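Enquirer: Listed here are the chains, written in short residue letters.
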Amino acid sequence: MNFTLKIWRQKNVAVKGEMISYDVSGISPDSSFFEMLDTLNQKLIMTGGDPVAFDHDCREGICGTCSLYINGRPHGPVKGVTTCQLHMRSFADGETIHIEPWRAKAFPVIRDLIVDRSAFDKIIQAGGYVSVNTGGVPDANTIPVPKEKSEAAMDAAACIGCGACVAACSNAAAMLFIGAKVSHLALLPQGRVEAAKRVQKMVACMDELGFGNCSNTSACEADCPKGISVSNIARMNREFLGAKLFSEKEKVVRVSL
Amino acid sequence: MFLYSSITRKVLMALAGLFLVTFLCVHLGINLMLLKNDGGRAFTEAATFMGTNALIKVFEIVLFAGFSLHIIFGLLVSGQNKGARPTSYAVNNSSDTSPFSKYMFHTGIIVFIFLALHFLDFYFIKIGLVAPPPGIAAHDFYNRTLLLFSTPWYSMLYIFCFIALGIHLNHAIQSAFQTLGWNHGKYMDAVKLLGSAYSFFIAAGFSLVPIFILFFRN
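Here the protein sequences line up with chains A and B, keeping their order. Take any residue in the first sequence, note its place counting from 1, add 2, and you have its number in my numbering. Take any residue in the second sequence, note its place counting from 1, add 17, and you have its number in my numbering.
Hint data in this document are derived by calculation from the structure and do not stem from the laboratory. Some clues are possibly wrong.
Calculated lysine to any residue pairs in the SDA-like style (CA-CA distance at most 25 angstroms, straight line) [to be verified]:
(1) A:K149 / B:S111
(2) B:K99 / A:G19
(3) A:K124 / B:T114
(4) A:K8 / A:Y24
(5) A:K81 / B:H201
(6) B:K119 / A:E223
(7) A:K107 / B:K209
(8) A:K246 / B:V28
(9) A:K107 / B:Y171
(10) B:K203 / A:K124
(11) A:K251 / B:K119
(12) A:K228 / B:N70
(13) B:K209 / B:E77
(14) B:K209 / A:D118
(15) A:K8 / A:G19
(16) B:K203 / A:S152
(17) A:K228 / B:T114
(18) A:K13 / B:A107
Quick caveat: nothing in here was measured; it's all calculated off a predicted structure.
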C-alpha cells in the first residue's frame, strides 16, 4: 500500500512547527501504524534526514504511552484501540493521512508528535492515590465489596492515562481522565476514606493546569481507547458537590512550642 | 475559592439553565393564548396578571438573575475553553458525537441576540424606555405582537431564533443533568429522550404563533 503522510514537525518547545508531506510505499496492509512510521523513519535516516519523533512503548495497547491525532481523531479511525494497535488495513490505498500531536495548553509539544503529559502526573499526585499504612498483608476479602461496585471501579480503572480524552475534547478538558481516577477509588471502601479530599484536590489541580471545561459533548467517551464512560464524570461531579457542601471543615492544628 | 472551580461554575450554569427552561414553558403557555380567536382578551388578561402579580414580580428579578448568571458564566467558560487549546488542529475533530453539542456557544449567541430584540420590542416599551409604535399603547402587547408578526421577515427571524433555541435545549437539558451528577444507567436514556422532546415542543410551540398569525389571521 502507498500513502501520503502529512506530519507535524517541530524542533522543540520554543520554535514554531509545520505540517510536512512525506510519501511511503510498499507498506503491508498488516503492518501496524508504528511499523509504517518506522519504515518512514528508516528511509529518512538512510537519506540523511531527521526521523519523526513519536511516543511509543509497549505496543500492546496497555501502557498509555502512544498518542497521535490521526485524520481528526485521537488514536485514529478505529474505535476502542490505541494507535499501536491500529493497522494500515484500516486505511485506503493511496490515502492522505494527517498526523498531529495532541493539542492542549496543558500538553505542550516537546518535539514533532511528542507532547509533555506530565500534567496528568501532577493531577494524580494531587490526590489520585490511597494512603496505606505499612504492616502485615491484610487477609483477602476482609473488606466486603459489592460485585457491581468492584466491576464499575475496574471499568474506571481501565483508564491508561493516554490523554486521548483531552485531545478529542473541543475544550481540551481532562474531565474523563479525572472522572475515571476519582471513580475507581471512590467506588471502593478503601478509597472512601480520602474521597472528599481527593476529588477537591484533583479538580483544583486540573483547573490550575489550564485544562478546559466539560460541555458534555461525549467526544472523550467516543474516542477513549478503553471505552471509559462519561457516567464517571457525573460521579465525579456528585463526589465534588457532596464534598463541597457536606464535608466537615478541616480542623486547624496549632503547633505550640 | 468555591466559585472559581470549573465544576461549580458549570453546576451554577446548569441550575440557572434548568430554571430558564421551566420559565419557557410558562411563557409559551401565555403565547399560545394568542391563537384563541377572542380579540386578544385571554392573552391580555394573562399578560396583565404577569405584569402586576407581586409574586411574579419577585420571580422577574430571579429570572433576570438567572439569565445574567447563565450568560456571564457561559461567556467565561467559553473563553477559558478557547484558551485551553491555543494551537488548533489542522484537521477538525470528527469524533462520533452529537453535532448539536459542539455549537452551544453559537446557538447561545443567537438566543442572546433574540433576547435583546425581544427586550427592545416589548420590555423596554412596557417600562417606558422606548416609545411604542404609533397607535399602540405601551401595555397593548396583543396589537404589538400582531403588528410584529404581520411582517414576514420578522416572523422568519423569530422562527430562526427558536430553531436555534431548540438546538441549544436539545443538548442543554441532558447536559444539565449530567453536570449535576444526575446520570444513572436506569433513567439517562429517558432524560435524553424527554429533553429532546421538550426542546422540540418549545421550538415548535413558539414558532406556531407567527405561522398561525401570518396564514390564518390576515
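Enquirer: Please verify whether K251 (chain A) and K119 (chain B) have alpha carbons no more than 25 angstroms apart.
Expert: Measuring from Cα to Cα gives roughly 39 angstroms; hence the hint is violated.
Enquirer: Under the criterion that the straight-line Cα-Cα distance not exceed 25 angstroms, is the pair K99 (chain B), G19 (chain A) satisfied?
Expert: Answer holds: K99 (chain B) to G19 (chain A) is near 20 angstroms, not above 25 angstroms.
Enquirer: Would you mind confirming whether the straight-line C-alpha gap from K209 (chain B) to D118 (chain A) stays at or under 25 angstroms?
Expert: violated, 37 angstroms
Enquirer: K119 (chain B) and E223 (chain A): Cα distance at most 25 angstroms?
Expert: Holds: K119 (chain B) and E223 (chain A) sit about 15 angstroms apart, inside 25 angstroms.
Enquirer: Quick one, are K203 (chain B) and K124 (chain A) close enough, alpha carbons at most 25 angstroms?
Expert: violated, 35 angstroms
Enquirer: For the pair supplied as a hint, K81 (chain A) and H201 (chain B), confirm whether the alpha-carbon distance does not exceed 25 angstroms.
Expert: Measuring from Cα to Cα gives roughly 24 angstroms; hence the hint holds.
Enquirer: Is K107 (chain A) close enough to Y171 (chain B), meaning Cα to Cα at most 25 angstroms?
Expert: violated, 43 angstroms
Enquirer: Holds or violated: K228 (chain A) and N70 (chain B), Cα atoms, limit 25 angstroms.
Expert: Measuring from Cα to Cα gives roughly 56 angstroms; hence the hint is violated.
Enquirer: Can the restraint linking K149 (chain A) and S111 (chain B) be considered satisfied, given a maximum Cα separation of 25 angstroms?
Expert: Between K149 (chain A) and S111 (chain B) the Cα gap is close to 37 angstroms, so the pair fails against 25 angstroms, i.e. violated.
Enquirer: If you draw a straight line from the CA of K246 (chain A) to the CA of V28 (chain B), is it 25 angstroms or shorter?
Expert: holds, 12 angstroms
Enquirer: Can the restraint linking K8 (chain A) and G19 (chain A) be considered satisfied, given a maximum Cα separation of 25 angstroms?
Expert: Distance ~13 angstroms between K8 (chain A) and G19 (chain A) Cα, so the pair holds.
Enquirer: Need the status of pair K107 (chain A), K209 (chain B): alpha-carbon distance at most 25 angstroms?
Expert: Not OK: K107 (chain A) and K209 (chain B) at ~32 angstroms, beyond 25 angstroms, violated.
Of the numbered hints listed earlier, those contradicted by the structure are 1, 3, 7, 9, 10, 11, 12, 13, 14.
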